[in-house]
Amino acid sequence: MNTNFLEIKNGVALPGDQIPNLTFDKFRAEAIKIVQNGGKVVQYFAWEKSGALMLIAVLRSGNRLLTARCDAPGAYPSLTRDCEQFHLFEREIAEQYGIKPEGHPWLKMVRYHPNVTSREDVFGNNYNEDIPGAYDYYSVEGSEIHEVAVGPVHAGVIEPGHFRFNCIGERVLHLEIQLGYQRRGIERLFLESPPKRFPHLAENIAGDTTIGHNLCFTQAVEALSSISPDPGARLIRTIALELERIANHIGDLGALSGDVAFLPPANYFGRIRGDFLNMSLLICGNRFGKGLVRPGGVRFPLSDTNRNDLKKWIDGLNPQVRHVLDLLFSTSSVRARFEECGIVTQNAAENLGLVGPSGRASGISYDARRLFPTEHYPKVDIPENAEKSGDVYARAKVRSDEIIQSMEMVRSLLNGPIETDCVVGASDFTQMAPSSFVVTVNEGWRGEVSHCALTDPSGNFVRYKIKDPSFHNWNGLAMALRDTEISDFPLNNKSYNLSYCGFDL
Amino acid sequence: MIKTLKNRFEQGCKTSGYPKEKVELLPRYRGLPVVNQNAPSELAEKCAQACPQDAINAETKLIDLGRCVFCGTCESISEKQFVSFTGSYELSTADRKSLLTHGSLPSLATHAKKSFKKLFGRSLQLRQVSAGGCNSCEADLNVLATPFFDLARFGINFVASPRHADGIVVTGPISKNMKTALMSTYEAVAHPKVVIAVGACAISGGPFSGGPEVSEGLESLLPVDLFIPGCPPHPMTNLHALLAFFKQNI
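Taken in order, these protein sequences are the chains called A and B. Quick note, the first sequence lines up with residues 4 to 508 if you use the numbering used here. Quick note, the second sequence lines up with residues 17 to 266 if you use the numbering used here.
By construction, these hints were calculated from the structure, which means they are not laboratory data. We treat Cβ as the ideally placed atom computed from N, Cα and C, and that holds for glycine. Some hints could be false.
[As the list claims (entries may be wrong)] What the simulated footprint calls covered on chain A by chain B, stretch by stretch (three residues with Cβ under 8 angstroms from a Cβ of chain B suffice, anywhere in the stretch; the number is not a length):
1) 30–41
2) 75–89
3) 174–186
4) 208–216
5) 326–339
6) 408–415
[What the hints assert, rightly or not] Taking lysine-lysine pairs in the DSS-like style, the calculated list, with each CA pair at most 30 angstroms apart, reads:
7) A/K315 - B/K263
8) A/K314 - B/K113
9) A/K315 - A/K391
10) B/K263 - A/K314
11) B/K113 - A/K199
12) B/K113 - B/K263
[Unchecked claim] Residues from chain B that face chain A, not an exhaustive set, calculated with beta carbons under 7 angstroms:
13) R44
14) Q53
15) P56
16) D70
17) M199
18) T201
19) E229
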């Protein structure tokens with residue numbers, strides 16, 4: 004496809020002025036054309052450069068990453084009108100920078116905070132009022148319609164968010180998910196904090212995706228400071244990311260089993276998840292992998308003793324995991340609840356831009372480990388997982404397949420000796436390249452994690468943009484609930500298990 | 017059915033004997049840090065400078081466990097000459113000040129309020145409020161319900177409503193957008209009630225401290241009875257804190 008968008012490489016920095024600066028009309032037309040031809044939005048955000056606002060988009064088409072920018076108009080014809088994938092990105096830009104997308108079908112705040120410019124608030128909110136403010140919820144009218152409101156504080160030990168169901172009887176017509184309660188202002192903290200705190204900010208974007216987010220941050224900094232970690236460090240990082248994937252998938256399959264009242268797998272997987280978290284503890288002293296990945300490499304070596312301990316541990320668990328998976332998926336009462344529950348069609352998934360296992364469960368095989376491989380992944384064969392059915396069963400089955408594949412991958416990566424020079428301090432990275440731009444993409448356990456960094460003429464971050472896969476996928480959950488019984492909400496919710504804090508930032 | 021039984025047999029009983037039997041964590045686990053008081057002050061200063069959480073005071077040679085995220089940077093830099101992390105997961109205190117430490121903490125069991133032990137020693141129902149943070153504290157609290165830890169065997173449960181609860185367990189740095197919901201939850205719990213702060217975020221703002229969107233810790237909003245430090249606290253740290261603080265004879 005001919006386009007004025009520039010092709011860039013994952014995790015390779017380039018001078019900011021190389022990003023094509025298009026007129027807004029051209030930018031809009033080309034971005035829409037790329038997405039309508041099967042492309043997807045990786046990032047779309049605004050930033051301020053010496054008083055002027057810019058819009059920048061990073062799209063992907065097949066295995067190509069494409070980018071372009073334009074001067075931001077004060078208000079502009081919404082891209083969402085022609086292409087649904089921009090929906091939440093445009094709301095985010097309106098909230099962060101006060102740029103109004105005209106004709107946006109559902110222009111509502113995303114996280115509830117004032118914009119960083121002196122522009123008027125697009126939503127007319129008074130931020131002296133605590134959340135929830137004066138904003139509307141999507142509502143369905145009719146004599147038999149009722150609404151169910153849940154949250155922000157939920158019944159379990161989970162993060163806060165507000166769920167508003169429009170129902171007729173038990174049937175959900177529409178679910179609106181309103182988040183923002185976890186907002187810590189992390190993107191801004193990257194501009195205002197000393198560099199020694201950066202890795203900790205990255206690790207705490209979403210604790211269950213510590214490695215995924217920290218890899219994106221670390222690769223961005225390494226690209227900007229021309230540091231290259233040794234092959235051993237790349238291996239350890241790959242193992243850590245896969246352990247994170249296994250632990251989360253196993254935990255969620257256990258929770259899914261609990262949600263359909265089949266308790267044996269719930270208990271077994273609850274404990275086995277702990278084993279995989281403890282493997283991260285073995286490597287770096289923290290169950291979530293905090294403190295492991297740093298610019299330049301990793302902070303802890305993986306000695307031959309460590310490798311052998313891990314190998315034995317995984318070999319011991321492997322049959323147990325397979326047996327419990329078999330028990331879960333061969334129990335008819337489980338299958339009866341999982342199958343045909345909360346279907347998201349491939350068409351809907353494509354339009355929403357779903358990523359990760361949620362996308363793969365609807366037939367979209369995209370996996371960043373295959374198309375934009377980082378670390379050791381270029382040398383690893385990643386199978387194509389795709390189930391077409393789009394229901395809870397498919398979302399569970401994709402994860403089940405990934406557990407087995409990742410266990411085998413980690414096991415084979417542990418075969419040879421791993422040597423690396425460990426990084427000592429928290430901020431061992433040198434000066435970052437001035438006026439530069441870098442995009443990093445990694446496949447976290449929920450899907451595509453991506454960070455974008457822009458530096459100023461003195462090499463400091465001038466904009467740091469974070470995207471958790473949940474930013475794409477929350478709308479998938481809302482779509483799954485359409486025409487589903489409200490009692491199936493917990494099951495669907497757990498089949499996605501999306502991040503509140505990763506979304507809220 | 018036969019599969020269910022076979023799995024049951026394969027899994028066996030995995031519940032730990034804690035607190036009667038001690039649980040040892042893996043060697044790289046970083047628990048209670050011990051500060052070498054005789055270390056040269058240049059080394060102390062170097063560690064304090066490098067600490068991402070500014071948790072080290074180079075003059076007094078104290079570490080603030082309420083700010084510390086147990087990353088071990090100071091230990092690596094000083095090659096254990098200034099700070100070394102032990103395997104002890106018994107880290108919790110009944111007051112904020114005791115978290116500033118050289119490496120020994122007051123015994124939680126003896127510092128706990130006697131009235132709490134009497135009131136809640138046999139049954140303690142807690143409501144969890146997640147207020148900002150990264151969800152790993154929540155994850156390692158949830159784990160207490162799994163077979164190895166099995167918190168319910170001690171009469172301690174997490175419940176679905178503050179009306180059913182004896183107290184709240186707060187995680188996260190209390191984001192602006194969660195403050196109202198947190199305060200309403202606290203109000204909804206009947207007196208007498210306990211307030212527990214879990215994790216560096218809830219105690220001091222953690223990795224987000226100083227940011228304009230979060231608080232500087234739960235104590236700036238509510239009276240806190242029990243402080244459980246960590247990023248996140250290991251489930252054994254949580255378990256030890258709950259048992260030592262509320263149970264008799266542990």
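Original post:
If you check each hint against the structure, which ones fail?
Top reply: 1, 2, 6, 7, 8, 9, 10, 14, 15, 16 and 17
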